Amino acid sequence: MKHLTRSPIDPAALLAEVSDSARGGTALFLGTVRRSEQDGPVRAIEYTAYEEMAEAECQKILAEAEDRWPEARCTIIHRLGEVPAGEASIAVAAAAPHRAEAFTACRYVIEEAKKRLPIWKRELMDDGTRRWRENQEGTTERWASRSS
Amino acid sequence: MTASRQVPVAAGTSITVRFRFFARYAELLGKNESSVTLKAPATVADAVRALRERVPGAQALPEHPLVALNREHVLYDRPVSDGDELALLPPLAGG
Numbered sequence: 002m003k004h005l006t007r008s009p010i011d012p013a014a015l016l017a018e019v020s021d022s023a024r025g026g027t028a029l030f031l032g033t034v035r036r037s038e039q040d041g042p043v044r045a046i047e048y049t050a051y052e053e054m055a056e057a058e059c060q061k062i063l064a065e066a067e068d069r070w071p072e073a074r075c076t077i078i079h080r081l082g083e084v085p086a087g088e089a090s091i092a093v094a095a096a097a098p099h100r101a102e103a104f105t106a107c108r109y110v111i112e113e114a115k116k117r118l119p120i121w122k123r124e125l126m127d128d129g130t131r132r133w134r135e136n137q138e139g140t141t142e143r144w145a146s147r148s149s
Numbered sequence: 288m289t290a291s292r293q294v295p296v297a298a299g300t301s302i303t304v305r306f307r308f309f310a311r312y313a314e315l316l317g318k319n320e321s322s323v324t325l326k327a328p329a330t331v332a333d334a335v336r337a338l339r340e341r342v343p344g345a346q347a348l349p350e351h352p353l354v355a356l357n358r359e360h361v362l363y364d365r366p367v368s369d370g371d372e373l374a375l376l377p378p379l380a381g382g
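Protein chains in written order, with this note's numbering: chain G, 2 to 149; chain E, 288 to 382.
With the rest of the complex left out, here is chain G (with noise of 0.2 Å):
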């Protein structure tokens, strides 16, 4: 699957993915796993997916990414099983001309990633419990800038 890994992510090869000498502006998002007072003893994140829609989900954000932006290229890429805190579990790199459809597009991309992406967390705390993490009405905007 080229959007769900099981490994760390690597940063640079998402910009060699996205990038060009026509592109002259590349952002870049990660979103990391927080451990945080506010957030508790969070060792890691463990997540999950419906992996054949995440896929194809990933797919249909990217083309509309480049519909919208027919000069940027964008990728993403989830990392699924456990994620220890610190490290990425989502990244997006965008390209284009100038850096306003860059930030753009990376930004619409991450968006309609958290909205749409059927992936479940559950984190993992240092006591050895494990709770559920759900984008839930009314700890949507909390849990929307979890990982921003």
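Worth flagging that the hints you see were computed from the coordinates, not collected in a lab.
Everything numeric in this text was worked out from a predicted model, so none of it was measured.
We put the beta carbon where it would ideally sit given N, CA and C, even for glycine.
Any given hint could be a false lead.
Said to hold, decoys possible - Which residues of chain G face chain E? A few of them, derived with a C-beta cut under 10 Å, are:
(1) Ala57
(2) Ala114
(3) Glu135
What the hints assert, rightly or not - Reference listing, derived: stretches of chain E covered by chain G, where coverage requires no fewer than 3 residues with Cβ under 8 Å from a Cβ of chain G:
(4) 328-341
(5) 351-360
(6) 374-382
Said to hold, decoys possible - Lysine to aspartate or glutamate pairs mimicking EDC-like chemistry, simulated, CA-CA at most 16 Å apart:
(7) Lys61/G / Glu112/G
(8) Lys3/G / Glu18/G
(9) Lys116/G / Glu340/E
(10) Lys116/G / Glu135/G
(11) Lys61/G / Glu350/E
(12) Lys326/E / Glu340/E
Assemble the complex: chain G is given as a structure, and chain E must be docked to it using the hints.
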């Protein structure tokens, strides 16, 4: 990937829909998939209702979970056809 195949089906014909469960829903039901047979014509809403009535443990699911038909987000009024895959998606949490 296409949405529900829009093949006309004679009323009363049996259609079987394969359900898939993920994350918390798979834990709730203790399994990853199940099949339900319905009479045509039927919609996503009919299939989810039948699942909740017939499959042990499915009452514990929300009444209207997010659904994907053949790997595409859909609403409950979408018709279902024999052989369709209907996934019940817990609230999404990617990223």
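| Status of the Ala57/G interface restraint (C-beta, 10 Å, chain E) | Holds - the Cβ of Ala57/G comes within 10 Å of chain E, reaching about 5 Å at its closest.
| query | Holds or violated: are the alpha carbons of Lys61/G and Glu350/E at most 16 Å from each other? | reply | Violated, at roughly 29 Å.
| request: Could you grab the alpha-carbon distance between Lys116/G and Glu340/E and see if it respects the 16 Å cut-off? | output: Given that 16 Å is the threshold and the Cα spacing comes to 30 Å, the pair is violated.
| 8 Å C-beta test of the stretch 328-341 of chain E against chain G, three or more residues | violated (count 0)
| For the pair supplied as a hint, Lys3/G and Glu18/G, is the alpha-carbon distance within the 16 Å limit? | holds, 12 Å
| Holds or violated: is there a CB of chain E closer than 10 Å to the CB of Ala114/G? | holds, 6 Å
| message | Just to make sure I understand the rule, a stretch counts as covered if three or more of its residues have a C-beta closer than 8 Å to a C-beta of the chain. Does the stretch 374-382 of chain E meet that for chain G? | response | Since three or more residues must qualify, the claim that chain G covers the stretch 374-382 of chain E holds, with 8 doing so at under 8 Å.
| Is Lys116/G close enough to Glu135/G, meaning Cα to Cα at most 16 Å? | holds, 12 Å
| field | Annotated coverage of the stretch 351-360 of chain E by chain G, confirmed only when three residues or more have a Cβ within 8 Å | value | It holds: at least three residues are needed, and the stretch 351-360 of chain E offers 4 whose Cβ sits within less than 8 Å of chain G.
| message | Checking hints one by one. Is Glu135/G an interface residue toward chain E, by the C-beta closer than 10 Å rule? | response | holds, 4 Å
| Taking only the CA atoms, is the gap from Lys326/E to Glu340/E under or equal to 16 Å? | Holds, because 15 Å separates the two Cα atoms, which is no more than 16 Å.
| query | Does Glu112/G lie within 16 Å of Lys61/G when you go C-alpha to C-alpha? | reply | Since the Cα atoms of Lys61/G and Glu112/G sit roughly 13 Å apart, the hinted pair holds (cutoff 16 Å).
Checked against the numbered hints listed earlier, the structure breaks hints 4, 9 and 11; every other hint is satisfied.
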